[in-house]
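J.: Here is how the chains run, residue by residue.
Number of protein chains: 2
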Amino acid sequence: MTASHPQQLRSDFLVSSLTGSIQNRVAELAASGISPRLAVVVASDDPAVTSYADSKRRKAKQLGVEVTLVTLHDTSSQAAFERAIIDLAKDPATHGIMIELPVAKGLDASKALELIPANKDVDGLTAANLGLLAQGHEDQAICPATPRSCILLAEQMAEVVGATVAVVGRGATVGKPLSTMLLNRHATVTVCHSKTPDVGAAIAASDFVFTAVGKPHFLNQAMLQPHHRVIDAGISYIDGKLAGDFDPAAANFVRAYTPVPGGVGPLTSILIFDNLLRCIAIQGHA
Amino acid sequence: MTASHPQQLRSDFLVSSLTGSIQNRVAELAASGISPRLAVVVASDDPAVTSYADSKRRKAKQLGVEVTLVTLHDTSSQAAFERAIIDLAKDPATHGIMIELPVAKGLDASKALELIPANKDVDGLTAANLGLLAQGHEDQAICPATPRSCILLAEQMAEVVGATVAVVGRGATVGKPLSTMLLNRHATVTVCHSKTPDVGAAIAASDFVFTAVGKPHFLNQAMLQPHHRVIDAGISYIDGKLAGDFDPAAANFVRAYTPVPGGVGPLTSILIFDNLLRCIAIQGHA
Chain L
2 MTASHPQQLR SDFLVSSLTG SIQNRVAELA ASGISPRLAV VVASDDPAVT
52 SYADSKRRKA KQLGVEVTLV TLHDTSSQAA FERAIIDLAK DPATHGIMIE
102 LPVAKGLDAS KALELIPANK DVDGLTAANL GLLAQGHEDQ AICPATPRSC
152 ILLAEQMAEV VGATVAVVGR GATVGKPLST MLLNRHATVT VCHSKTPDVG
202 AAIAASDFVF TAVGKPHFLN QAMLQPHHRV IDAGISYIDG KLAGDFDPAA
252 ANFVRAYTPV PGGVGPLTSI LIFDNLLRCI AIQGHA
Chain V
2 MTASHPQQLR SDFLVSSLTG SIQNRVAELA ASGISPRLAV VVASDDPAVT
52 SYADSKRRKA KQLGVEVTLV TLHDTSSQAA FERAIIDLAK DPATHGIMIE
102 LPVAKGLDAS KALELIPANK DVDGLTAANL GLLAQGHEDQ AICPATPRSC
152 ILLAEQMAEV VGATVAVVGR GATVGKPLST MLLNRHATVT VCHSKTPDVG
202 AAIAASDFVF TAVGKPHFLN QAMLQPHHRV IDAGISYIDG KLAGDFDPAA
252 ANFVRAYTPV PGGVGPLTSI LIFDNLLRCI AIQGHA
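For the protein sequence lines, the chains are L and V, in the order given.
Going from the first sequence to the numbering used here is simple: count from 1 and add 1.
Going from the second sequence to the numbering used here is simple: count from 1 and add 1.
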């Protein structure tokens, strides 16, 4: 047991390097008369959701990116929700659109999501963009930010190309697209989830364990191996404090891990803006 | 060693049951004035490709389905290829469109594929349909026929839901969509491929082994376990004779397997027409 954790890989350095690069590219776009604009649709009165949007606004300000915040409420209709997306889809000054999740009960986020044009889909979660990943055409796609963040961090730890990896969780926003992107990188991929009888056995042979479940500290030492490198995309709360899937009690047991907070999350936040610049390029502005 | 192979699961019975069901549904559509029509685009002078299209025509005739055969040649331009698809996409009497693969060198099949509207995509291979699978929305998608065939056969062997499975091969037409569809069925899925250092180790713990590589008899007894159920979607040739990925020398070693020929292939052929009827339903005709 040591006081410091050499196994711990924070994302700060990647976040600052990307922040600088995005600021430069935004300045270049501004010089050619393009003012990058992200539309954030909040369709909920949940203060947690509003706070995500606020933090996006602060980040945007730091980067020189304009934000249109569209707010709907728990009482809003699906029609009003969809109309908001359709208007933003048509607006040539809006380069990227995202729906802040979760939306209010009674609203259908997945139906609204499909109204976002593929080339304004900064989250990379529309069927069109996920389908391009599945075809192996990442070069034509907007790749979802959380899987991108996971892979960037894993690459800091060791070679991902051709590695043996496990993905815990099979959701449409992280687990599934991440496993597809890892296959595109020649990894041998095992995907396990809540219905897997023995997660520890399923992940034992893997070099990397990517986890995106959202159960605080469920991935504990009993399930892990000393050779494991853990990339933690889990987000949950213990007593109001942010927690990941990885149990920090195993910090000195595994070979490497990303902490929560300070790992996948902050890098994901900045990658949304990198995706916005990619949208602008695909739209033919740059 | 026995003369018969009780482990062998042929697809004949599923093919005849589906044939009858499709004939009935085609007759019902005819009674309401709809004549199901599949367009097959052949963009190659390769006699193998032409023969695939011919066998589709024969199957269609048996089912009462009309076929439009559009033929392009090794010398045809990409523009002519794409124009053919665009015309079929617009034609209201054409309910399904498929491109017979491979196309001539110099033609880009994946670009032409994306011109097929999602609701006429009988092969289920456009980004739109693969994206719906990735989102877990199979109910809204046209699912690719080969993965459907594999899962139907596996279900005849044992419970697929929640099973531990391996997929060998990660292509866009079989391996990737199959692994997504298996995840949608709560399976724990390991995907391995040509870059996997030890395929035998990667698949050892799986109940089912789905293989779609196209290397004749490469999956041999040394890689397999007696508890394996093998579903073979491989298509290749040995001395001009059709061969699968599974080595028949291991027939009495594994728990069950589908033969080539007589397994996944014939069921896939009939599922294309089942997909055509699904296209007609999605288009709002039935």
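For the record, the hints were derived by calculation from the structure and aren't laboratory data.
Careful, some of the hints might be misleading.
A pair counts as met if it fits within one copy or between any two copies, since identical chains are not told apart.
Using 25 Å as the maximum straight-line C-alpha spacing, the simulated SDA-like pairs for lysine to any residue come out as follows [as the list claims (entries may be wrong)]: (1) Lys106 to Leu243; (2) Lys91 to Pro249; (3) Lys196 to Glu156; (4) Lys196 to Ala206; (5) Lys196 to Thr165; (6) Lys196 to His138; (7) Lys60 to Gln8; (8) Lys216 to Thr165; (9) Lys196 to Gln226; (10) Lys91 to His187; (11) Lys216 to Arg11; (12) Lys91 to Pro118; (13) Lys242 to Phe254; (14) Lys62 to Thr51; (15) Lys216 to Arg186; (16) Lys216 to Pro93; (17) Lys216 to Gly163; (18) Lys196 to Gln157.
J.: None of the hints should be skipped; say for each whether it holds.
T.: Hint-by-hint comparison with the structure:
Taking identical chains as interchangeable, the C-alpha atoms of lysine 106 and leucine 243 lie at most 25 Å apart only when both belong to the same chain, with a minimum of 24 Å there against 54 Å between chains. Taking the closest pair of Cα atoms, lysine 91 and proline 249 never come within 25 Å of each other, the shortest separation being 46 Å inside a single copy and 58 Å across copies. For a Cα distance limit of 25 Å, the shortest separation of lysine 196 from glutamate 156 across copies, 18 Å, qualifies, whereas the shortest one inside one copy, 29 Å, does not. In this assembly of identical chains, lysine 196 and alanine 206 lie within 25 Å of each other by CA distance both inside one copy and across copies; the values are 19 Å within and 16 Å between.
Taking the shortest Cα distances, lysine 196 and threonine 165 sit within 25 Å of each other both inside one copy (21 Å) and across copies (10 Å). Taking CA atoms no more than 25 Å apart as the test, lysine 196 paired with histidine 138 passes between copies only; the shortest distance there is 19 Å, against 30 Å inside one copy. For the homomeric pair lysine 60 and glutamine 8, neither the shortest alpha-carbon distance inside one copy (28 Å) nor that between copies (60 Å) is at most 25 Å. For the identical chains of this complex, lysine 216 and threonine 165 are neighbours both inside a copy (24 Å) and across copies (22 Å), given an alpha-carbon limit of 25 Å.
In this homomeric assembly, lysine 196 and glutamine 226 come within 25 Å of each other (Cα to Cα) both inside a single copy, at 21 Å, and across copies, at 24 Å. For a Cα distance limit of 25 Å, the shortest separation of lysine 91 from histidine 187 qualifies neither inside one copy, at 38 Å, nor across copies, at 39 Å. Proximity of lysine 216 and arginine 11 under a CA criterion of 25 Å is satisfied intra-copy only: 21 Å inside one chain copy versus 43 Å between copies. Both within a single protomer and between protomers do lysine 91 and proline 118 lie at most 25 Å apart by alpha-carbon distance, with minima of 9 Å and 22 Å respectively.
When the C-alpha separation of lysine 242 and phenylalanine 254 is checked against a cutoff of 25 Å, the pair qualifies only within one copy, where the shortest distance is 23 Å, while the shortest distance between copies is 54 Å. In this assembly of identical chains, the alpha carbons of lysine 62 and threonine 51 lie at most 25 Å apart only when taken from the same copy (17 Å versus 59 Å across copies). In this assembly of identical chains, lysine 216 and arginine 186 lie within 25 Å of each other by CA distance solely across copies; the values are 22 Å between and 28 Å within a copy. In this homomeric assembly, lysine 216 and proline 93 never come within 25 Å of each other (Cα to Cα): the closest approach is 40 Å inside a single copy and 50 Å across copies.
Proximity of lysine 216 to glycine 163 under the C-alpha cut-off of 25 Å is restricted to the inter-copy arrangement: shortest distance 20 Å between copies versus 29 Å within a copy. Taking the closest pair of Cα atoms, lysine 196 and glutamine 157 come within 25 Å of each other only across two copies (21 Å); inside a single copy the shortest separation is 31 Å, beyond that limit.
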